[in-house]
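Undergrad: Take a look at the letters that make up each chain.
Number of protein chains: 2
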Amino acid sequence: MLKIPMNEIASRIVALQFLLVKNGVDAAIIRQNADLYYFTGTVQDGHLVVPASGQPVFLVKRDVVRAEEQSPLRPVVPLKSLKDLAPAVFDACGGASPGKIGLELDVLPANIFFYYDEKIFPRQQVVDVSGWIRQVRMIKSPWEIEMMRKAEAISRQVADAVPGLLREGMTELELSIELESVARRAGHLGMLRFRAFNMEMYFGHILSGAEAAVSSYIDAPTGGEGPSPAFGQGSSEKKIRAGEIVSVDIMVNYHGYLNDQTRNYCIGPPPPELRDAYGFVREIHGRFKKLARPGTVTGELYEEVWQWVKETRWADFFMGSGDTRVSFIGHGLGLEVDEFPFIAQGHKVVLQEGMTLAFEPKFIIPGVGITGLENTYLVTAMGLESLNTAGEELMIL
Amino acid sequence: MLKIPMNEIASRIVALQFLLVKNGVDAAIIRQNADLYYFTGTVQDGHLVVPASGQPVFLVKRDVVRAEEQSPLRPVVPLKSLKDLAPAVFDACGGASPGKIGLELDVLPANIFFYYDEKIFPRQQVVDVSGWIRQVRMIKSPWEIEMMRKAEAISRQVADAVPGLLREGMTELELSIELESVARRAGHLGMLRFRAFNMEMYFGHILSGAEAAVSSYIDAPTGGEGPSPAFGQGSSEKKIRAGEIVSVDIMVNYHGYLNDQTRNYCIGPPPPELRDAYGFVREIHGRFKKLARPGTVTGELYEEVWQWVKETRWADFFMGSGDTRVSFIGHGLGLEVDEFPFIAQGHKVVLQEGMTLAFEPKFIIPGVGITGLENTYLVTAMGLESLNTAGEELMIL
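Residue numbers (full-length UniProt numbering), protein chains in the order written: chain G, 1 to 397; chain C, 1 to 397.
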């Protein structure tokens, strides 16, 4: 079974400790599954205590044995009761009573925060460390990039499988179920982790025809009718017809690491409007790959792309239409779908080598359909390198 | 497309309003996906404002059109900015400035709570209404029970498919992927919603042999190695051998409503120890169905079942072993996997007609394997009625 190497874990913890020291926080306590996996190499019911300096301690309720097997971190200490948490944190801080404790306040539910704040650390100031955690996680190591390339190999298999599976008259859901199976057999874990409240997804958005141009509660440029009001996004029972763009937007998970990919297919000739818009989407990618170099600012990149779009006849349909437009064109990803950086209005993050982001310029034209291309990109000194290797042409079947 | 009927929505809101009045809360603001679906009939990026008396208002950022199509509630009001939230809430409260506003503090992240508490409602007291929401949701209407029966029809198809799909030498993951496909084609939405922080699942736990007896971070009697340290629960690459119990524990979702089912299979004769333990598991179900009548108390039911178990040679292996034992034998379910009531130590909920719960006595015997039977039950005046119709015998293939 895969193990995250010790040097990975060590450098991640050192990066977080640097930010703790810089911001005067005595210790961070990490609870959330994706963060635990990142900093320990395993997902257990546990608390990882990272003091600003010195050795971290992994306190585990369940399962201690598995934590020891999967995580290179030591010590792993059984935590039978939350009563034992504060003393363990104080110990990790060198025995002194710390003044400032950091928690992941962007994901910890309010009631759990109250319990930590009032019952466990009544004399400490509890602050939010989630921004710094996300900052550390934003820069991927070569090992992580290798994992993301392996995730891409799954996406590639899905893209390659579409021509053999797509048939006129099948429903979007039928195609989606077949493609899910391909992905799962190729190693896709199934689970997709989001950081933001209420965000959820199942495999992706396989959408077709004019009906695809419907937005949803999900903060994504495409929504889709979905299979139910209980889950109103993604594929529905709609039948796929010839002459429709079929947008296959998938998210796959290889040992926690994600790949996000959108490709377009059509049985027979596509609608000229969407074919032309897709040609422009490819042009956007070509220009953006050169533009988005280390040192550029995410909000400025966003404005620049919008300048290109405003000169076309599709400006009203970029990233949604009307009130349903989303405020980003790309999003970081790694262990979660919604990592830093966002290529979004007003954002001030400076691109650095080692960042990864899904760039997804898309046009949503009511009454006509949707088209877009999405790759997961790595920021390199030379600009963006696409991790996605599947052909980018609009594939006519 | 399915719509939740108006009379359903109306009676749910009245039930919540009763509890708001009783507890002196002026209005509840509902944000979380499962709660929104329950009280509005749709999942949108919205705020449902339920005043203690008078008409609720559904404020929607995205998608307003879909909210109006899917929800029978009126008015649906576009909410462009959170600045407009407080005035809308005050309006819904009859124009008066309310003193106490209720939020779902068990699921709302701390940072979002701070924003509501400090920026939007600085002069109101913000209290937790999640307990009352869960109390209302705990009692299922005949319409909801009908939905849960339809979910069961999917589980039944999965159970019926196992004998045709299970082959010696296939991996747990291969079987799981095949069964997922069966469930998805039969209408399973895929997504599974949990209420508790960090809880997550993908389809279920298909586990086999001695290796199955490993616990995980998930608060469930069975864990399983899982496909990765990134997702250490459920099926793994382990090959299924003859003479092993294969435990097929699945969770399916029909238009939001869940069914939870565990059935046991074996290629050839099963290990005698597990066969005998499974016989006792069936006996527990038989006794529990009669015992768990309206008026009984969940914590007392828990103790009673434990009394039965303590008289057997398997007491050390019930619901886990050693430190990894879970503290419940059953859990409510409906739109979420972890609803009220829990058949758990010290719980004081009194069973009522219309409650639904997954009852899952299981033995986890290290070095030997696992066995258990799980049905989703409805509490009726006569005791428990199983919604699950798949045969309960240990199926020898």
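Keep in mind the hints are simulated off the structure, nothing from the lab.
Misleading hints may appear alongside valid ones.
Note that the list lumps identical chains together, so a pair holds whenever it fits in one copy or between two copies.
Claimed, not checked - Straight-line C-alpha distance at most 25 Å; calculated PhoX-like pairs for lysine-lysine:
no.	residue 1	residue 2
1	K100	K119
2	K348	K119
3	K61	K150
4	K150	K238
5	K119	K238
6	K150	K22
7	K80	K238
8	K239	K3
Since this is a predicted model, take the numbers as computed values, not measurements.
Undergrad: Taking the hints in turn, state whether each one holds.
TA: Outcome of the hint check:
no., hint, result
1, K100 <-> K119, "both (15 Å within a copy, 24 Å between copies)"
2, K348 <-> K119, "between (37 Å within a copy, 24 Å between copies)"
3, K61 <-> K150, "neither (32 Å within a copy, 37 Å between copies)"
4, K150 <-> K238, "between (32 Å within a copy, 21 Å between copies)"
5, K119 <-> K238, "neither (52 Å within a copy, 43 Å between copies)"
6, K150 <-> K22, "neither (35 Å within a copy, 56 Å between copies)"
7, K80 <-> K238, "neither (51 Å within a copy, 31 Å between copies)"
8, K239 <-> K3, "between (43 Å within a copy, 21 Å between copies)"
The earlier numbered hints that this structure contradicts are 3, 5, 6 and 7.
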